[in-house]
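Take these sequences, add in the hints, and give me the full structure.
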Amino acid sequence: MRFFRSGPPAAPSESKTQERLNRRSSAMAELARVFKSEDPLCVLDIGATSASNIRFFTERGHRIYSQDLLAASTDPSLAIHDDQGRTTLNEKKFLEENLSYPNAQFDLVFCWNLADYMDESLVKPVVARLWSMMKPGGMLLAFFHTREAGPDAPYYRYHITGTDVLEMHALNAKGDHRKHGNAPTAFTLQRVFNNRHIENLFRDFASIKFFLSRDNIREVLVVR
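Quick note: numbering that gives the first Met the number 0 has the sequence shown finishing at residue 223, numbered continuously throughout.
Simulated from the structure, these hints should not be mistaken for laboratory data. Positions of the beta carbon are idealized from the N, C-alpha and C atoms, including for glycine. Check each hint, because a few of them may be wrong.
In silico SDA-like cross-links for lysine to any residue, where the CA-CA straight-line distance does not exceed 25 Å [what the hints assert, rightly or not]:
| id | residue 1 | residue 2 |
| --- | --- | --- |
| 1 | Lys35 | Thr160 |
| 2 | Lys91 | Thr187 |
| 3 | Lys123 | Asn97 |
| 4 | Lys35 | Glu218 |
| 5 | Lys35 | Ser25 |
| 6 | Lys91 | Pro124 |
| 7 | Lys134 | Glu218 |
| 8 | Lys123 | Gly136 |
| 9 | Lys134 | Phe209 |
| 10 | Lys123 | Ser206 |
| 11 | Lys123 | Ala205 |
| 12 | Lys208 | Ala148 |
| 13 | Lys91 | Ser72 |
| 14 | Lys123 | Ser76 |
| 15 | Lys123 | Asp67 |
| 16 | Lys208 | Ala31 |
| 17 | Lys123 | Pro135 |
| 18 | Lys35 | Val222 |
| 19 | Lys134 | Ser99 |
| 20 | Lys92 | Pro75 |
| 21 | Lys208 | His196 |
| 22 | Lys91 | Glu119 |
| 23 | Lys208 | His144 |
| 24 | Lys208 | Asn193 |
| 25 | Lys134 | Asp203 |
| 26 | Lys123 | Val191 |
| 27 | Lys123 | Gln189 |
| 28 | Lys208 | Gln189 |
| 29 | Lys123 | Ala185 |
| 30 | Lys123 | Ala71 |
| 31 | Lys91 | Asp203 |
| 32 | Lys123 | Arg202 |
| 33 | Lys208 | Thr145 |
| 34 | Lys123 | Phe192 |
Derived CB-CB ranges, DEER-like [claimed, not checked]:
| id | residue 1 | residue 2 | range |
| --- | --- | --- | --- |
| 35 | His196 | Asp74 | 20 to 30 Å |
| 36 | Asp214 | Ser51 | 12 to 22 Å |
| 37 | Glu29 | Gln104 | 15 to 25 Å |
| 38 | Ala78 | Ser25 | 31 to 41 Å |
| 39 | Ser76 | Ala127 | 17 to 27 Å |
| 40 | Arg190 | Asp38 | 30 to 40 Å |
Take a look at the structure:
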């Protein structure tokens, strides 16, 4: 796990040549008020690591932990076989290695669009662990694609600006394949959740609020 607080964050560098897009986010407009809290917040970002996000929170006196769960889920050592001989992922090992945090620690959790791209066997266990790790009243932000998104929907790294505008750039844009050996994993959309599926996924949380947008994304803000 990576924890950052004050000082220059030691985060992976982000190429300045990568094009960033902007999208307006109604959920971020609500969270922008929370960011101004005079009391230090404890934040968990489980999307693609963003140096901008780390800097944003540390400069405001908040604590942020960054954990790229989708990248971690590709670890070959997680592969096991179930009782029927089918290949699946070892959820216990995954949670122990990547979400080993105390209960009731976080005020804010950013899931971004993780659930749409993560292996199905890990999605519910991850959400259940996040519930335990969040403080009562803590908030979690997640994005879900609609059916119109299509199988080639890009997987984005999101950058918080402190307003209702998010900066983002695609990590798997179609046609953007590197030829060298250290090319990043090309994550693809695994499934599309409907509203009922999303409500069921977060059924243990106190409340859930949906925000519709024009880019085939549903924003979901849930409260622990």
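Structure-based check of all given hints:
1. Lys35 to Thr160: holds (13 Å)
2. Lys91 to Thr187: Within the cut-off at roughly 24 Å; holds.
3. Lys123 to Asn97: Satisfied, since the Cα-Cα distance of roughly 15 Å is no more than 25 Å.
4. Lys35 to Glu218: holds (21 Å)
5. Lys35 to Ser25: holds (17 Å)
6. Lys91 to Pro124: holds (9 Å)
7. Lys134 to Glu218: holds (21 Å)
8. Lys123 to Gly136: With Cα atoms ~20 Å apart, Lys123 and Gly136 stay inside 25 Å; holds.
9. Lys134 to Phe209: Holds, at roughly 21 Å.
10. Lys123 to Ser206: holds (17 Å)
11. Lys123 to Ala205: Given pair Lys123, Ala205 holds - Cα atoms ~17 Å apart, limit 25 Å.
12. Lys208 to Ala148: holds (21 Å)
13. Lys91 to Ser72: It holds: about 12 Å lies between the C-alpha atoms, which stays within 25 Å.
14. Lys123 to Ser76: Given pair Lys123, Ser76 holds - Cα atoms ~20 Å apart, limit 25 Å.
15. Lys123 to Asp67: holds (17 Å)
16. Lys208 to Ala31: With Cα atoms ~16 Å apart, Lys208 and Ala31 stay inside 25 Å; holds.
17. Lys123 to Pro135: holds (19 Å)
18. Lys35 to Val222: Cα-Cα ~18 Å, so holds.
19. Lys134 to Ser99: This hinted pair holds, its Cα atoms lying about 15 Å apart.
20. Lys92 to Pro75: holds (12 Å)
21. Lys208 to His196: Since the Cα atoms of Lys208 and His196 sit roughly 14 Å apart, the hinted pair holds (cutoff 25 Å).
22. Lys91 to Glu119: holds (14 Å)
23. Lys208 to His144: Distance ~16 Å between Lys208 and His144 Cα, so the pair holds.
24. Lys208 to Asn193: holds (14 Å)
25. Lys134 to Asp203: Holds - the C-alpha atoms of Asp203 and Lys134 are around 13 Å apart, at most 25 Å.
26. Lys123 to Val191: Holds, because 15 Å separates the two Cα atoms, which is no more than 25 Å.
27. Lys123 to Gln189: Holds, at about 14 Å.
28. Lys208 to Gln189: holds (23 Å)
29. Lys123 to Ala185: holds (23 Å)
30. Lys123 to Ala71: holds (16 Å)
31. Lys91 to Asp203: At roughly 20 Å apart (the allowed maximum being 25 Å), Asp203 and Lys91 satisfy the hint.
32. Lys123 to Arg202: Judged against 25 Å, a Cα distance of about 11 Å means the pair holds.
33. Lys208 to Thr145: holds (16 Å)
34. Lys123 to Phe192: holds (13 Å)
35. His196 to Asp74: 20 to 30 Å: holds (26 Å)
36. Asp214 to Ser51: 12 to 22 Å: holds (20 Å)
37. Glu29 to Gln104: 15 to 25 Å: holds (22 Å)
38. Ala78 to Ser25: 31 to 41 Å: holds (39 Å)
39. Ser76 to Ala127: 17 to 27 Å: The hint (17 to 27 Å, Cβ to Cβ) holds, given that Ser76 and Ala127 are roughly 22 Å apart.
40. Arg190 to Asp38: 30 to 40 Å: The hint (30 to 40 Å, Cβ to Cβ) holds, given that Arg190 and Asp38 are roughly 38 Å apart.
Every hint from the earlier list agrees with this structure, and none is contradicted.
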